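> So you can see what is in the structure, the chains are spelled out below.
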Amino acid sequence: MGEILANYDFVGAFWLTIQLSVLGTIGSLLLGTIVAVLRVAPVPVLRAMGTGYVNTIRNTPLTLLMVFSILGLTYILGLQISDNAKTNAFWWAVIMLSLYHATYVCEALRSGVNTIPPGQAEAARSIGLTFGQSLREVLLPQAFRGSIAPLGSAIIALIKNSTVAAMIGVTEAAGLMSEVVENETGTLGVFFIFAVGFLIMTFPLGVAVTWMSERLAVKR
Amino acid sequence: MSAKKLAMGALAGVLMLSLAACGSGTTGSTSGSGDTIKIGIKFDQPGLGLKQGDTYTGMDVDVAKYVADKLGYSESQIEWTQAPSGQRESLIENGQVTYIVGTYSITDKRKEKVSFAGPYFIAGQDLLVRADDTSITGVDALSGKKLCSVTGSTSAQNVKDKVPDVNLQEFGTYSECVAALAAGSIDALTTDDTILAGYAAQEQYKGKLKVVGNTFSTENYGIGLKKGDTELCTKITTAITEMISDGSWQTFVTNNLGPAGFTPGAGNPPTPAACS
Numbered sequence: 001m002g003e004i005l006a007n008y009d010f011v012g013a014f015w016l017t018i019q020l021s022v023l024g025t026i027g028s029l030l031l032g033t034i035v036a037v038l039r040v041a042p043v044p045v046l047r048a049m050g051t052g053y054v055n056t057i058r059n060t061p062l063t064l065l066m067v068f069s070i071l072g073l074t075y076i077l078g079l080q081i082s083d084n085a086k087t088n089a090f091w092w093a094v095i096m097l098s099l100y101h102a103t104y105v106c107e108a109l110r111s112g113v114n115t116i117p118p119g120q121a122e123a124a125r126s127i128g129l130t131f132g133q134s135l136r137e138v139l140l141p142q143a144f145r146g147s148i149a150p151l152g153s154a155i156i157a158l159i160k161n162s163t164v165a166a167m168i169g170v171t172e173a174a175g176l177m178s179e180v181v182e183n184e185t186g187t188l189g190v191f192f193i194f195a196v197g198f199l200i201m202t203f204p205l206g207v208a209v210t211w212m213s214e215r216l217a218v219k220r
Numbered sequence: 001m002s003a004k005k006l007a008m009g010a011l012a013g014v015l016m017l018s019l020a021a022c023g024s025g026t027t028g029s030t031s032g033s034g035d036t037i038k039i040g041i042k043f044d045q046p047g048l049g050l051k052q053g054d055t056y057t058g059m060d061v062d063v064a065k066y067v068a069d070k071l072g073y074s075e076s077q078i079e080w081t082q083a084p085s086g087q088r089e090s091l092i093e094n095g096q097v098t099y100i101v102g103t104y105s106i107t108d109k110r111k112e113k114v115s116f117a118g119p120y121f122i123a124g125q126d127l128l129v130r131a132d133d134t135s136i137t138g139v140d141a142l143s144g145k146k147l148c149s150v151t152g153s154t155s156a157q158n159v160k161d162k163v164p165d166v167n168l169q170e171f172g173t174y175s176e177c178v179a180a181l182a183a184g185s186i187d188a189l190t191t192d193d194t195i196l197a198g199y200a201a202q203e204q205y206k207g208k209l210k211v212v213g214n215t216f217s218t219e220n221y222g223i224g225l226k227k228g229d230t231e232l233c234t235k236i237t238t239a240i241t242e243m244i245s246d247g248s249w250q251t252f253v254t255n256n257l258g259p260a261g262f263t264p265g266a267g268n269p270p271t272p273a274a275c276s
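Here the protein sequences line up with chains V and X, keeping their order.
Per this note's numbering, residue 1 is the first one in the first sequence, and the count goes up by one each step.
Per this note's numbering, residue 1 is the first one in the second sequence, and the count goes up by one each step.
Isolated chain X, as found in the complex:
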């Protein structure tokens, strides 16, 4: 009896260990031999950074690969790490990733903790509506409409400031908002236009949803890296400049966000700022 109990306890322990291993976030296919580079991306943003099985797709992924290539790392040397919005600063500060390309807006508050190379893309907060909806043309047409965003996100806070009487439904992720929007029970979804375009370009929503194209904020997407690492910052900035001038930038945007009929807003392609 007690031997059985012991075995059960051991089994529970093994299970917990294996779960912990799942959480470590590395792909496991590459052994860390010092020749690899760890890059943080989003795993759950269609069109930007999406993990499906062992393949990674999206504009941010393409940008990250391009930059890694310029730094001297081939695609097989990249270890992708999930970088959810709330953990990005810690991942960089603790050295768990070399840099992050993950819808990472350059803000003064974040600059206190990390350095940025870029911007490599200028996004803006916009609205996603059903393709046949002509009543919503911009943020001013939102009063009385039902809007959706993610709990606590910058987009949700921003729209509450701009339209105080907005009827805002918040969810844990954008996928739930998109589902409710497609079902016809929510009128619009708001966040960065890049994220919206990524959802609109998804196979199951193709032709059903559209990005309004009337942005009401400016988000400068940068590549986050360790604070004060000017050497790496300069290298990445050079890579971004090359990426824009040799046409790769346009290819990445068209391939990943184009299918929904999305064109980048004013100011694109941007000129990366100098590293300080």
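Chain V on its own, in the form it takes in the complex:
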């Protein structure tokens, strides 16, 4: 097992996993917030758009989205982000992780919005705040604080789902694992190393999220 650790670039592979996860988290939080706003908007067309997005993307397997981005969009429709195949695959992976996990972020936030008593939204409107202002000043801050635990779950899921990017040639942790298994045959030790690698990334995050969700909860 020590020999395997010395012969392969574990640090580089997990660094790529971290890059994918961080960029994917940023993307999905931004897009997810926008979609959540659409879903609670007073305009029916916007609500329908938000609902349509969540129902379509959330019900599509991530593997399918990933392969579609390269096989369908890059190689059949010619939508190339970079001429270099590796860079192209990396950015498509970030986009697809963001698109996919935005639906979970959206639903987490929407459940956060639903914890706020309806009287608050009515009060915000009655003192003359516009829809945008009441979202920004009253609803979203409380929604984020109320949905930290589900948001944390969505991010942990995103970190683990970044392994799907190996399907399109991003040499992150799962990509390296298939290389190690190919050369050294699949032993328990190999799987153990990668499981521990992911545990190191996700476990502290889980603890932090639990702690934050207690500290930042809106006391009503």
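One should not assume that every hint holds.
Cβ-Cβ distance ranges computed for the label pairs, FRET-style [as the list claims (entries may be wrong)]:
no.: 1; chain 1: X; residue 1: E203; chain 2: V; residue 2: T210; range: 50 to 58 Å
no.: 2; chain 1: X; residue 1: D161; chain 2: V; residue 2: A48; range: 30 to 38 Å
no.: 3; chain 1: V; residue 1: Q19; chain 2: X; residue 2: F216; range: 28 to 36 Å
no.: 4; chain 1: X; residue 1: T238; chain 2: V; residue 2: W15; range: 50 to 58 Å
It should be emphasised that the hints constitute simulated quantities derived from the structure, not laboratory data.
Here the structure is a predicted model, which is why all the values come from computation and not from measurement.
Just so you know, even glycine gets a beta-carbon here, dropped at the ideal spot from N, CA and C.
Add chain X to chain V, keeping to what the hints say.
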């Protein structure tokens, strides 16, 4: 209400059990009465080992059947088991298969875990290109071209060593590479020439793709079996030698890989090594 919940839970349990049954990998048509032999093959390699419904086709399948016949098992006594590359050693070590015929290259690392009979075929890493492409003649002509292979495969690692600046797209399976190649957005696909020939011979790609025929590695395909089982190894080696001398070998190659105009490279047919 709670009765309904209970029923739902039971239903979920049944579903999971039936899924687990799907994963066991046996054909189910033959009951394990001790008279059957379990053979590991690839299920997803056209021309080598391909499962379509209940029929199995390919060169490896034909070789496996021939060897089974020599061991005294008729075709109906064979239980085919899927042997994906990463699981081959475990399948043999745990006794889930008697032997594996599945594009199984003989390497020193693998010999530490399993024994090999053969080689029965000498393959080599080659390139698959579009039939009208004359610019790619071999591995040296690859710089600046877009190449495709499978994530983490030996072929992908090998080509990265040989052509460090290659623009390599990796996918989970070769089928995706072939689709992109046929669509014209990738210039070449690299792996063993046998696998390439199998794809080129597929109905939908016939006449559109060709194997370059300029190999840059040597892969000795062997039949993997339990480490140290010299008795079985000797029997299988004898079967392979007979298969080559009685012309069956040539028939298997021509039938399965020939349609794409593929001819086996230098060193074929091989002489199987002695069992140790």
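> Go through the numbered hints given earlier and state which of them the structure violates, listing their numbers in rising order.
2
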